[in-house]
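*Asks:* Sequence order for the protein chains is X and E.
The opening position of the first sequence corresponds to residue 5 in the numbering used here, with each subsequent residue numbered one higher.
The opening position of the second sequence corresponds to residue 22 in the numbering used here, with each subsequent residue numbered one higher.
Source of the hints: derived by calculation from the structure; they are not laboratory data.
Be aware that one or more of the hints could be misleading.
Unchecked claim - Heads up, simulated DSS-like pairs for lysine-lysine below, C-alpha to C-alpha not over 30 angstroms straight-line: (1) Lys303(E) with Lys320(E); (2) Lys164(X) with Lys576(E); (3) Lys215(E) with Lys234(E); (4) Lys164(E) with Lys457(E); (5) Lys215(E) with Lys164(X); (6) Lys179(E) with Lys159(E).
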Amino acid sequence: MTRYIGRRILAAIPVLLLASLLVFVLVRQFGADPARTRCQQSRDLKCLARTRVQLGLDRPLPVQYVDFMGDFVQGDWGTSERTDQSVAESIGIALGETAQLAFWGVAFSSVVAISVGVYSANKAYSPGDYFFTGLAFAGIAMPTFWFGLICINYLTFHLKELLNTNEVIFFSIPNATGHGAINGFRELALPVLVLSVQLVAGWSRYQRSSMLDELDSDYIRTARSKGLTRRRVVWKHGLRNSLGALVTVIAIDAGALFGGLIVTERVFSRPGMGTLFLNALGNGDSAVLIPWMIVTGVFIIIFNLFADILYGVLDPRVRVA
Amino acid sequence: MKVSSGVSSFFCLVLGLALLGGAWVSTTAGASARGQSTPGTLKIAAEQEPSCMDWIGSCAGSSWGIWAAGIETLPQALTVTPAGDYTPSSVLAGEPILEIGPPQKITYNINAAAVWSDNTPITSTDFEYTWKQITTGKDIYDKTGYEDIASIDTTDPKAAVVTFSEPFSGWRDLFGGFSFILPSHLLEGKNRAKIMKDGYSFSGGPWKLAGGKSGWKKTKSITLVPNQNYWGDKPLIGTVIFQFITESASEIQAVKSGQVSSAYPQPQIGALDQLSENPELKYEVSFGSVFEAFWLNAKAFPMDSLAVRKSLIYATDRQAIVDEIVKPSVNEGRVLQSFIVPTFPQYYEPAFSIYGTSANLSKVNELMTADGWKKGSDEIWAKNGRKAEFDVQTTAGNEARELTEQLWQSQLAQAGFKVTIKNPSADVLFGINGPKGRFSAALYAQVGTPDPSLCGIFCSANIPTKKNGFVGNNWTRLTSAAIDTPWTAVDSELDRTARTVSVKEGQNALAAEAVSIPLYQKPNIFVWNTAQIGGPLQDNPTLGPFFNLNLWYLK
């Protein structure tokens with residue numbers, strides 16, 4: 005297993021280099037001019053020419069890329085073209101915010117999705133199964149932005165009115181004066197709920213389908229014929245074997261969440277990776293965009309690797325020696 | 022029930038991580054609140070975060086930065102009233118004294134009580150330091166006017182005598198408007214940009230950043246506390262937090278549910294209905310200094326023809342655009358008839374009213390035919406084998422602008438023009454296509470200032486070219502002596518009456534040359550919770566609604 009992980013990590017290096025090269029060339033060639041972005045708010049006539057030289061934009065693109073990667077691997081990620089803030093620091097802060105939301109979203113969604121999936125498979129084609137199936141389709145089809153605003157409207161203002169309280173129960177924005185675990189729960193409840201709707205919808209369908217396959221297997225029939233209760237067969241034998249596919253999907257989705265929470269973070273004003281990306285894109289800030297894309301790529305590769313390992317742990321048949 | 026070890030391990034892992042995460046949530050949330058006093062705290066939504074707080078630096082062009090932190094913490098010689106007039110701030114002992122000269126001289130008499138937060142008096146040396154930083158510093162936002170200053174006499178610490186090398190009519194914007202006076206005793210000989218860019222501990226205004234740099238939590242909030250040494254009206258609130266909420270719809274919900282007490286959101290359809298659901302909220306709709314217009318590139322075919330430019334204005338039903346775009350969000354709106362907004366009535370001349378506000382297709386036919394154009398079988402004007410077709414660009418993703426483009430496209434189609442919508446991202450439009458002239462028509466906003474100069478965006482000297490490195494803001498690329506003459510005069514005329522005459526002549530020249538198409542002033546919504554805050558609350562189109570935050574109080 006250790007050799008396998010080592011091989012996968014080594015294989016990831018050229019993938020990352022290729023991805024970084026593509027990102028660098030595309031952003032530099034077709035994105036906004038970094039010097040112009042820096043001088044956009046300046047009325048200093050010499051700003052543009054001076055900044056071009058300062059940033060090394062007067063040199064050939066391959067030289068710029070080699071310089072950039074040289075600095076990048078040494079931890080010097082440069083500064084934002086708009087805020088002059090350290091890009092590494094900005095990404096570090098944003099990553100912390102996104103990780104918090106992604107963690108809770110994945111933890112909550114995986115528990116709910118597994119429970120719903122197992123129930124639906126166990127009671128296939130029952131009214132309960134149809135109910136959850138309908139909810140899943142609604143969840144997949146529902147635009148996150150719209151659902152977020154609906155949740156905010158009803159679970160902040162209207163809930164406060166209903167309970168006749170002075171303060172909202174759940175916050176739709178980070179509470180700048182709050183502290184403690186309860187405040188943390190009140191801050192995260194709505195974004196986690198909104199994030200989870202689509203995750204649960206998709207994952208519960210995976211789990212249902214996977215569980216149905218297991219329940220139709222010969223070994224389940226054997227276990228039942230030997231006198232084991234259905235409950236025990238489902239939870240002891242069926243669930244473990246059905247988890248492999250879902251865990252892989254969860255791990256891959258979790259990796260993508262590090263760059264994909266744009267809408268949720270925007271609606272709930274959370275300064276995570278999605279917000280950072282959106283701001284950098286809007287400002288034409290390639291100094292942030294390029295490292296952001298590389299970091300997101302790294303996370304996707306890491307979580308893919310993690311998915312493979314977990315799959316092996318859950319199903320010894322596919323475990324690599 | 023005995024659960025298999027793999028499954029139980031998985032659930033244990035989730036539970037363990039959840040507990041770990043619980044501690045994580047409580048740690049980070051706690052850290053964000055440390056050092057804040059909850060009693061007497063006012064929370065305000067801020068739609069944008071400033072790029073930096075080095076207010077004279079090139080990174081400091083954000084209006085929200087000036088509104089939320091600049092005017093609260095640093096002194097200005099002249100400030101701008103809600104009516105758009107310059108008035109002496111509390112730093113001055115009275116009106117500045119203007120000597121027309123030559124040489125032009127301004128004497129700023131400084132209030133004897135004016136001090137920095139460390140009790141050091143504000144002196145003429147601070148004026149001199151600010152001037153030198155702006156003229157000699159690197160990456161300065163705007164040196165206009167400061168470079169025309171020959172010297173500042175600091176003999177009297179309480180009187181700064183500014184002498185100009187050339188007449189500069191916009192002098193009221195110096196050390197005021199969007200500029201501030203900096204503390205020389207704290208910054209002289211040091212790296213100003215480095216000290217200020219992430220926030221600063223000093224203050225010369227009613228407020229200061231809580232804990233200096235730590236008062237600005239990047240991506241989250243700006244926290245202000247009273248400057249105890251402020252000599253004017255001291256703040257009545259213990260702590261003010263400007264919390265960054267960049268999504269307008271979320272901002273509306275935050276103020277509606279009482280999570281913030283005030284906001285200044287971008288209007289959007291249904292916003293007023295949302296706000297009306299909470300009877301404790303009061304809002305004021307005002308039309309500020311930002312205006313939208315279709316900007317025409319006079320170097321691009323067919324906009325290189327005056328007749329075509331005039332026809333385009335006649336073909337545009339500007340009233341319909343206002344009715345579709347502005348009125349649904351704020352229930353009111355009017356067509357803008359100049360490139361100076363009526364917010365500054367002393368200079369506003371409704372020059373474009375000669376074109377009316379609705380489409381006039383007979384006038385289009387008359388102008389186009391006289392210019393040698395003929396309609397083809399496809400009902401599109403053509404001349405010398407070229408059709409009257411062009412592209413229009415705006416910032417992709419901006420719904421109101423995209424809808425405006427579609428309305429325009431449909432209006433112009435009826436008048437015989439074929440318009441193609443090609444929307445790039447904001448950075449491409451403003452960073453490449455605009456300066457390099459890679460557009461025929463573009464839809465975007467400009468910000469009007471109390472100083473009426475428009476030379477920057479209309480004089481031929483400010484056309485960006487390859488030769489000047491594409492520097493300059495006249496993206497219309499129209500070279501016209503009729504425009505240059507009055508607007509150049511506006512920049513050098515010191516007599517207020519004569520200057521006003523030139524400003525009005527200049528606006529009429531812009532209309533006569535059909536340089537572009539003004540559409541409407543963008544409305545602002547200033548909303549506050551009457552159950553939570555009181556005071557003289559009103560919008561200031563230039564300095565924002567928080568310009569008198571020190572007079573607000575909590576209920």
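*Asks:* Which earlier hints turn out false for this structure, listed by number in ascending order?
*Replies:* Numbers 1, 5, in rising order.
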